[in-house]
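Asker: In case you want the letters, here they are:
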Amino acid sequence: MKTVIIDYDAGNVKSLEFALERLGVSTEITDDSTKIAAAEKVIFPGQGEAASAMNKLRSKGLDVLIPQLKQPVLGICLGMQLLCELTEEGDTTALGILPLKVRRFPNTVKVPHMGWNQIKHHQKGIFKGITQNCYMYLVHSYYVPLNNATVAQSDYSCRYSVAVEKDNFYGVQFHPEKSSKDGQKLLENFLNF
Amino acid sequence: MLTKRIIPCLDVKDGRTVKGVNFVDLRDAGDPVALAERYTQEGADELVFLDISATEQKRKTLAALVLKVAAALDIPFTVGGGISSVADAKTLLRNGADKVSINSAAVRRPALINELAEAFGRQCVVVAIDAKKIEDQWRVHLVGGKVPTDIDLFEWAQEAEARGAGELLFTSMDHDGTKNGFANIALSKLSEVVNISIIASGGAGNISHFADSFTLGKADAALAASVFHFGEIAIPKLKSKLKEKNIGIRITS
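For the protein sequence lines, the chains are A and B, in the order given. So for the first sequence, numbering that gives the first Met the number 0 puts the first residue at 0; every next one is plus one. So for the second sequence, numbering that gives the first Met the number 0 puts the first residue at 0; every next one is plus one.
Hints listed in this document are in silico derivations from the structure and should not be mistaken for laboratory results. Among the hints, a few may not be true.
Computed, partial: chain A to chain B, Cβ under 7 angstroms [said to hold, decoys possible]:
{"no.": "1", "residue": "11"}
{"no.": "2", "residue": "103"}
{"no.": "3", "residue": "105"}
{"no.": "4", "residue": "106"}
{"no.": "5", "residue": "109"}
{"no.": "6", "residue": "179"}
Computed from a predicted structure; not experimentally measured. Glycine included, every Cβ here is placed at the ideal spot set by N, Cα and C.
Using the sequences plus the hints, can you model the full thing?
Answerer: The structure is reproduced here in structure tokens:
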């Protein structure tokens with residue numbers, strides 16, 4: 000199996016599966032650590048709540064496995080946030096791949112942040128061939144602050160990180176599977192690594 | 000900048016769109032998937048499917064339709080109509096819907112909002128509210144506007160938010176179908192009393208109405224059906240005109 004989607008009851012993975020299918024890639028949705036470890040590419044999706052997501056990962060030993068993976072791993076939405084060390088959502092300890100704390104948006108803006116926002120990115124890697132200041136679809140209440148691993152940022156109450164890159168780990172706060180052509184291009188770039 | 004969203008709404012019955020559509024180059028205007036694809040290409044930011052059949056047998060048809068839409072669509076979509084339990088919502092979300100919209104069922108049993116938010120996260124819970132102004136008070140109505148209640152729109156909106164709604168879809172029954180513009184005063188008041196995004200619905204007739212819903216009404220998104228279905232307003236033109244008015248809008252190439 001070349002590309003797997005980690006299954007931890009993370010809501011709508013069907014759209015992700017379909018988006019990859021449109022790119023001609025068949026995927027398996029699995030929580031089996033052997034299959035995940037053997038995959039060429041791993042997608043770590045997410046929607047839902049951080050503490051219960053971490054509990055599900057722990058119950059399958061995936062909290063230990065994911066940080067050890069050497070193949071390209073793409074965290075999406077909550078999947079990106081869980082790459083960090085801590086999140087204010089339920090004061091949850093996450094995977095700790097990035098030494099960062101995920102914060103909640105202040106109430107000076109509507110929460111969740113929902114809709115299409117403009118993305119300023121480094122035009123390389125997963126963003127190769129994607130227009131600068133493109134629009135991606137976001138829906139989230141917590142955000143990753145700007146940091147050394149930031150490769151794309153957006154603006155909602157403050158400038159914050161909407162994509163990170165560290166070694167073989169990639170994270171995007173937006174939903175590429177729901178972000179029209181630019182989102183599809185990003186997934187394609189990741190699959191081509 | 001977070002952009003304002005333009006949302007075509009498709010009424011679905013027995014797996015087909017109803018209310019008629021008038022696209023000359025669509026081979027089958029009743030096919031929701033073809034219509035959804037068309038709107039996506041034109042730059043719609045999101046779609047809403049409202050199932051108006053909503054009986055037990057027909058719900059299976061809806062689940063199958065959601066799966067087909069999800070396979071074809073790369074923008075978010077919401078499904079509503081007759082959802083009254085976590086199990087109903089789960090079927091639709093598992094088939095690829097991004098959000099579910101609940102209306103009368105939430106008024107009858109408000110705990111449904113909490114249950115859905117806990118099960119799936121508040122980001123996929125849209126609470127739709129139909130209301131009508133009666134003697135200076137906006138009163139919530141049920142069953143597609145047929146049954147009036149004593150519930151106040153703004154109080155209900157606040158309760159829905161507190162229980163876990165991620166978004167509100169407000170339809171003014173006084174404006175719906177009039178093509179005279181959205182209920183901007185009520186909309187902007189809603190934005191003051193809750194801190195979640197608000198979709199304006201009911202009253203779209205021309206491009207200025209959309210602009211007003213965003214500026215005067217402070218809405219985060221505007222929803223319409225017939226003006227899009229009958230080609231009275233083309234989405235690309237609508238979006239470029241809104242952009243000219245300095246409203247944050249996603250323009251697709």
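Asker: Are the hints correct? Go through all of them and say.
Answerer: So, going through the hints one by one against the coordinates:
no., hint, in the structure
1, 11, "holds (6 angstroms)"
2, 103, "violated (12 angstroms)"
3, 105, "violated (10 angstroms)"
4, 106, "holds (6 angstroms)"
5, 109, "holds (5 angstroms)"
6, 179, "holds (5 angstroms)"
Of the numbered hints given earlier, the model fails hints 2 and 3; all others are met.
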